[in-house]
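Enquirer: One line per chain: the protein sequences are A and B, in this order. Each residue of the first sequence is one higher than the one before, starting from 1 at the first, in our numbering. Each residue of the second sequence is one higher than the one before, starting from 1001 at the first, in our numbering.
A couple of the hints might just be wrong.
What the hints assert, rightly or not - Dumping the calculated DSS-like pairs for lysine-lysine here, alpha-carbon to alpha-carbon at most 25 Å:
hint, chain 1, residue 1, chain 2, residue 2
1, A, LYS223, A, LYS73
2, B, LYS1045, A, LYS270
3, B, LYS1045, A, LYS125
4, A, LYS421, B, LYS1045
Don't read these hints as lab results, they were simulated from the structure.
For reference, the chains in residue letters:
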Amino acid sequence: MFFKTKRLAIAGIMLGTAATPLAAPVQAENVLRYANVGDAATLDPHALNSLVTLMAGIQMHDALVMRDPTMRKVPGLAESWENIDPNTWQFKLREGVTFHNGNPFNADDVIFSIKRAQADTSQMKGYVNTIKDVKKIDDYTIQIITEKPNPILLDQLVNVFMMDKEWAEEHDVAEPQNFKEKQETYAVRHTNGTGAFKLESRDPDVRTVLVRNEDWWGNETYKHNIDKVVWTPIANDSTRVAALLSGEVDLLTDPPIQDLNRILTSKGLKVDKTAQLRTIFYGFDVKSDELRHSNIKGVNPFKDSKVRQAFYHAIDIEAIKRVVMRGLAVPAGMVIEPPINGYRAEWDENRLAYDPEKSKALLAEAGYPDGFSIQLDCPNNRYQNDEAICQATVGMLAKIGIKTRLNAQPKTQHFSLVTGKETDFYMLGWGIPTMDSGFIFDYLMHSGGSWNASGYGSPELDAKIEEIRGIVDPDERNKIIGEIWTQVQEDIPYLPLHHQMISWAMTRNLDIPIEPNNMPRFYWANLK
Amino acid sequence: MANFILYRLFQSAIVMLIVALISFFLFNFVGDPISNMVGQETTVKDMDELRQRLGLNDPVIVQFGRFIVDALQGDFGISYRLQRPVEELIAERMPATLELVFVSAIIAIGLGVAGGLFTGLKRSHWFSKFILTTSLVGISLPTFIIGILLIYIFAVKLNWLPSFGRGEVVDLKGGWSTGLLTVSGWKAIILPSITLALYQTTLILRIIRSELLEVMRTDFIKFARARGLKSRDINYGHALKNTLVPVITVTGLQIGSLIAFSIVTETVFQWPGMGALFIQAVQFADVPVMSAYLILVALFFVVINLIVDLLYFVVDPRLRAEIKN
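Given the sequences, and given the hints that come with them, work out the whole structure.
Expert: Rendered as C-alpha cells:
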C-alpha cells in the first residue's frame, strides 16, 4: 500500500537520509497522495475542455502564459510578450527547455500546438479561435496574429498547453481524439509535455503516478519538494473521506461539506477554504410565449420582471447558506465573482432582500395574486448540495403561493435541458476560465449564447457584447462591460444565489496554496 | 442431452438479444452523452457535428441494428468517456470483478454451508441462536451501509485494512491482472468481499438450515438411524446431499447476482471492476460501455443457469433416469 511508502518517507525525512539501514531500499521520497471524485477522461491536452482534464494537463504541461497562486499572469514557456500592434502579439520563448522525452522546445512546437488546439476535433478551439496565424520569427520568437484585436488573448493562452511536434507526429496524434476512428489514440494515456511532472504510469479511473521532472525550468521559481504524486480517484464521498481520515491519502479537493467538521476534529488534518470562481443561480425562461410546465396558459409570467423580482425576494439566501451550505457559501447579487474583470462589490451587496410579503405584493401587481405552478429543473450531482438548495427553494416559493414541482436529475439529463433550451426555470452554475466578463456575456447574456436557456437578450445588448470582443483599451472596454452589467442587474434574467466556496482537506504536513479554480498545482506544494 | 444443451443455448441467444434491445431503448432516458463529451464552450454546431458523427441522430432501431452487427464482429465501439475501445476496457476490469466475486462466493458458500449445517443439526445450541440472530443483520442491512461500516471500523478506527482500491496487482500472461499474489492485494480484498458475501452467506445458511430440518424429519433418515448408521454418515452423507438441489439453484443464481450487484460494493470501495465502470458509464451516458456491460452480465446469467441445469444431473439421479427413459 502507499501508506507504507509514505511512512518510510516520513521516517526517512525525520531521521535524515541515510540514518537507518532499514530505509535503504526505499528512497526517502515525498509522495503526495491525492484523491478526488473522478479521473480525467483523457490526458490529451486538447481533446476535452473540462476542469479535471485541465488539472491533469497542467501538472505535466506548460502554457506560454501561466498563473501564480494569486491568479496573476506570469511567464510560462514564454519569457516575455508584447503587443506590437493591436492584432499582433510577439512572444519571446524560454530557451533551453526540453520535453520529457528530451526533445528541445522551440517555436515549431508552439505553432504546432496552437494549430492542434484549433483542429476540428479539438475542444480547446474556444481559446484559440481568434488566432489567424502564428508566425515563427526565429527559433525562440513567435508572433500571434489575431483577426481582430483580442483583449483577453493572454488569459486564453493560459489554457493552451504546449506539446511536442515531433512526438505527436511520431505517434500519429497530430490531431486530438476523433471519435470516428473508433480507436484509442496514443495521447489518451501518454503525454510528453515540458511540465513539472512526468507521467510514470496511468491506469484510468484507478491510479495515475507522476514523478518530479528534475529538468523542469520552473524548479527554481516554484520550490516544491514533491517527488511523486499518486492520484487515485474515489467516487464515493464517504470512502474518499475515510481514506483521508485513515491516512491513505494526503489531499482531497472535493470533500463533502457535511463532513468538514468531522475532518477538522481529526488529529493531523486541516481544511483550507477560499471562494471559488463559480456562482450558482436560477435562470428564468424570459423568451417563450408560454411556459412548458405551468397552469398559466397563453402567457409566460417570467416575461414580467415583477414576477422575477418576486421570486428573488422569496429566496432566504441566509437560510440556504446556514442550513444547506453549512456556512460555506457567499450570498451573491451578481453572477460573477470578485476576481473577474467587471465585478462590482456593490452589486453583490445590493442583493434583493428576503421579503415574502413584498413578493406576494409583486405577484399580485403582476396579476397572479394566487400564485401559479412551475417546474424547477435542477441537477443532483453537479454543484455543492445542488438538489438540497432546490428543495429549500421549493419550500420558500410555496410561501409566496408558487407551487413548484422539483425535477432533480443527474447533470447529463439536466444539462441537455439547458443546452437544448427546454426549461422554464432551472439551476445553473458558471465559472470563468478567462477571468473576464466577456466570457459569461457570450454564453449567457447574448441572445445566441449556447447556454442561454433563458432566451434573454436584445439587439442592443448583443451589439455591445460583440463590440467588447474587439476592444483592447481597458478603460473603454470596462465602460461597456459596466453598461452591460447595469442592464443585466436591472433585468434579472438570472436570480443569483451564491458564490461557491472551495474547501480542500489535507494532512497538516502538506502545504499547498488553495486557488479559486479548484485546480491543485502539485508544483506549488510542499510536504513536511 | 445434446439436444437439451442446444435448446438452452438457443434460448440464451434470444434472451441476450432482448436484453440488448430493452437496454438500448432505456438509454434514451440517460441523457445526452454529447453534453458530457464537450466542454461548456463548445458551439451548438460542433455538438451537432459530433452527434452526427456518432450516429446519435439515427432512429433507435437503426442504432440498435448497427450495434448488433458490430457486436457480432466483436466490436463494441469506443467509450465516449475514456475514448478507448469498450472490449479492451471491459477485459481490463473483468479480473478485478471476477476475483472479488470468486473470493465472495467462497466465503458465502463456506460460511453458509458450515453455518447452515450447524444451525440445522444443533438447533437448540446457543451458538445456533446467535448465528441466526446476527445473520439477520446480513439480510436486512443494505450493502453500502455494511461497506461503510466496515471501512469505518477497520480502516479509519483500527487502521488495519485499506479503505479503497485493489492494492498492488501483478500482471499475468494473457492480460489477467491479479491482486491475489500480493499482501496488499489480499488486504484490499477482505472488506469488499465480506461486504459482497454477507447477504449470500445468510441466504445459503438459511436455505440449508430449513432444507436440513425438512430432510431430517423424513422416513429414510429415521430408518437410517434405526439401522444404527453413524450420525456423521447420516448427516453429511445422506441428509446434506438431499438438501443440495435447491441450494445449487440458489447459489448458482446468486453467483450471477454477485457479479451484477458487485456494482454497489465496487462503488463503495472504489474497486476497479466492471461494476464501477458501469456506474461511471451511466453517469456519463456512455452508451457503448453500458450496452456491452449489460449484454455481458446477461451472458453470465445465461451461462450460470446452464451450468446449474447441468449440475442437477450430477446431484439428482432421478433426472438422469428420466432422460434415459
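Enquirer: Determine for every hint whether it applies to the structure shown.
Expert: Hint by hint, here is what the structure shows:
no.: 1; hint: A/LYS223 <-> A/LYS73; verdict: holds (18 Å)
no.: 2; hint: B/LYS1045 <-> A/LYS270; verdict: violated (46 Å)
no.: 3; hint: B/LYS1045 <-> A/LYS125; verdict: holds (13 Å)
no.: 4; hint: A/LYS421 <-> B/LYS1045; verdict: holds (15 Å)
The earlier numbered hint that this structure contradicts is number 2, and it is the only one.
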